[in-house]
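Please put together the full structure from these sequences, using the hints given.
Note that my numbering numbers the sequence shown so that position 267 is 1002, with each residue one more than the last.
Hints were generated in silico from the structure; no laboratory data involved.
We put the CB at the ideal spot given by N, CA and C, even for glycine.
A couple of the hints might just be wrong.
[As the list claims (entries may be wrong)] Once the Cα atoms are required to be at most 20 Å apart in a straight line, the calculated SDA-like pairs of lysine to any residue come out as:
1. Lys771 x Arg820
2. Lys883 x Ser850
3. Lys861 x Thr1055
4. Lys883 x Glu894
5. Lys1102 x Tyr1090
[Said to hold, decoys possible] Here are the simulated distance ranges between beta carbons:
6. Thr975 x Leu816: 55 to 61 Å
7. Glu854 x Leu816: 22 to 28 Å
8. Lys1065 x Ile855: 23 to 29 Å
9. Ile1026 x Pro893: 50 to 56 Å
10. Ser946 x Gly1018: 22 to 28 Å
11. Lys947 x His885: 23 to 29 Å
12. Gly912 x Glu854: 19 to 25 Å
13. Gln977 x Leu816: 57 to 63 Å
14. Lys944 x Ile1119: 27 to 33 Å
15. Gly907 x Thr748: 52 to 58 Å
16. Asn772 x Asn1061: 48 to 54 Å
17. Lys814 x Ser759: 28 to 34 Å
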Amino acid sequence: MIYLKQILMNNITIKIILDSHILSDGKQGVYLRATKNRKTKKINLGIKCKAQHFNNGDLLRGHEGYKVDNQILAKFKIKALEIIRLTELEDINLSLEDFAKRFRGLEQNKNFEISEFSEIIEEELKAIGKMSSAKADTDTRKSLNKFKEHLTFEKLTPEVLDEYESYLLRTGSSNGGVAFRMRQLRALYNKAIKRGKVNKSYYPFDKYKVSKIKLNPKKTALSIEELKAFRDVNLIDKPTLQEAYDYFMFSFYARGMNFHDIMLLKHSDIKENRVFYQRSKTGKRLNFELIKPLKNILKKYSEKSESKYVFPILLRDDMTSQQIKNRKQKVLSRVGKKLKTIAGIAGIEKNLTFYVARHSFATIQKKMGSPIEKISEMLGHKDISITMVYLKDFSNEELDAENKKLLEL
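Right, here's the structure in full:
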């Protein structure tokens, strides 16, 4: 690695440092500090880490993606040296403010294209194994290029964002899809500001609010009839589809347990005919009885398991957090394709996911007369108001039945 603390003729000292401010996630920002005549200028490098993973300008092994981030820091160090050296050769007395402008590239990058920066970010994401994030970046870049090629950050005004929103809606995107694209663009713009590719004064998302996009999510729950069709589907001649079927049904009968928690379920979590676990999304501790369908599924996999985990999703006990993320994504992708095939066999036209399993559990519980307070508790929601939003839609038949009660007056 390059260790940098050099004093050149123009008397500027530069060093990679860790900011003293601790963020909400326990990490601290990594900055380039330039010092001249006892005055300093700090430049945010867009990287953050925990204090124990930083030493003398380098990120240590415990920092996720430390190799890639160290390469990025090395490039920043070289860039800083080049700026100072070139201005020295030109006999320019460089001020800290001028150094910061040159380092951020505000003079050289006035026409920096969004797609060009997106490709850089995509490669960085792939290098640290964040394949799903890289794909989201790729898809947004392709979408934006179809709308308007060679678009620069400065030209992405609130008015252009309004035009892009209209374009997405005209070409078949849902409101949720539009909101997703806009959030991706906003995140990319923020990274570009941190890396000096665009001046913050051009930032369009102060005026264009992603939150204004009204989300009208499609009903994702299965009806009772559809759930029965899935439950009773014949897969005897299609054994490769069994894992997807089992995971989906386990989620449904386990009170809408999400895939991440199913993946992490351990043999030690099962005690005296009950499952005890901590919901990863909220941290809430939950437990439920092992009813017969759950017992049947667990018996099938417990007998084959060779690790501490119940299901053969995580194959080893000593996997790193990055390996777990990669494995989860791989299995989810495989299972998703199989669920689509099973849906076709069962005559179900909806796109089946584990969110559908969770939503189906809650919706069917409601239709069977369970109080919302109890459904909320079973789902592990922190507040019943969340469950109210979750189950806010009633069918026309339900509303018509309520309205007919007026005839009894």
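Status of the hints after comparison with the structure:
1. Lys771 x Arg820: holds, 15 Å
2. Lys883 x Ser850: Roughly 11 Å between the alpha carbons, so the hint for Lys883 and Ser850 holds.
3. Lys861 x Thr1055: Measuring from Cα to Cα gives roughly 17 Å; hence the hint holds.
4. Lys883 x Glu894: Holds, at about 13 Å.
5. Lys1102 x Tyr1090: The hint holds at about 18 Å.
6. Thr975 x Leu816: 55 to 61 Å: Holds - the Cβ-Cβ distance for Thr975 and Leu816, about 57 Å, lies within 55 to 61 Å.
7. Glu854 x Leu816: 22 to 28 Å: holds, 26 Å
8. Lys1065 x Ile855: 23 to 29 Å: holds, 25 Å
9. Ile1026 x Pro893: 50 to 56 Å: holds, 53 Å
10. Ser946 x Gly1018: 22 to 28 Å: holds, 26 Å
11. Lys947 x His885: 23 to 29 Å: holds, 27 Å
12. Gly912 x Glu854: 19 to 25 Å: Between Gly912 and Glu854, where Cβ atoms are some 22 Å apart, the hint holds.
13. Gln977 x Leu816: 57 to 63 Å: Holds, since Gln977 and Leu816 (Cβ atoms, about 59 Å apart) stay within the stated range.
14. Lys944 x Ile1119: 27 to 33 Å: holds, 29 Å
15. Gly907 x Thr748: 52 to 58 Å: Distance hint for Gly907, Thr748 holds at roughly 55 Å.
16. Asn772 x Asn1061: 48 to 54 Å: holds, 49 Å
17. Lys814 x Ser759: 28 to 34 Å: holds, 30 Å
Every hint, counting from the list given before, is met by this structure.
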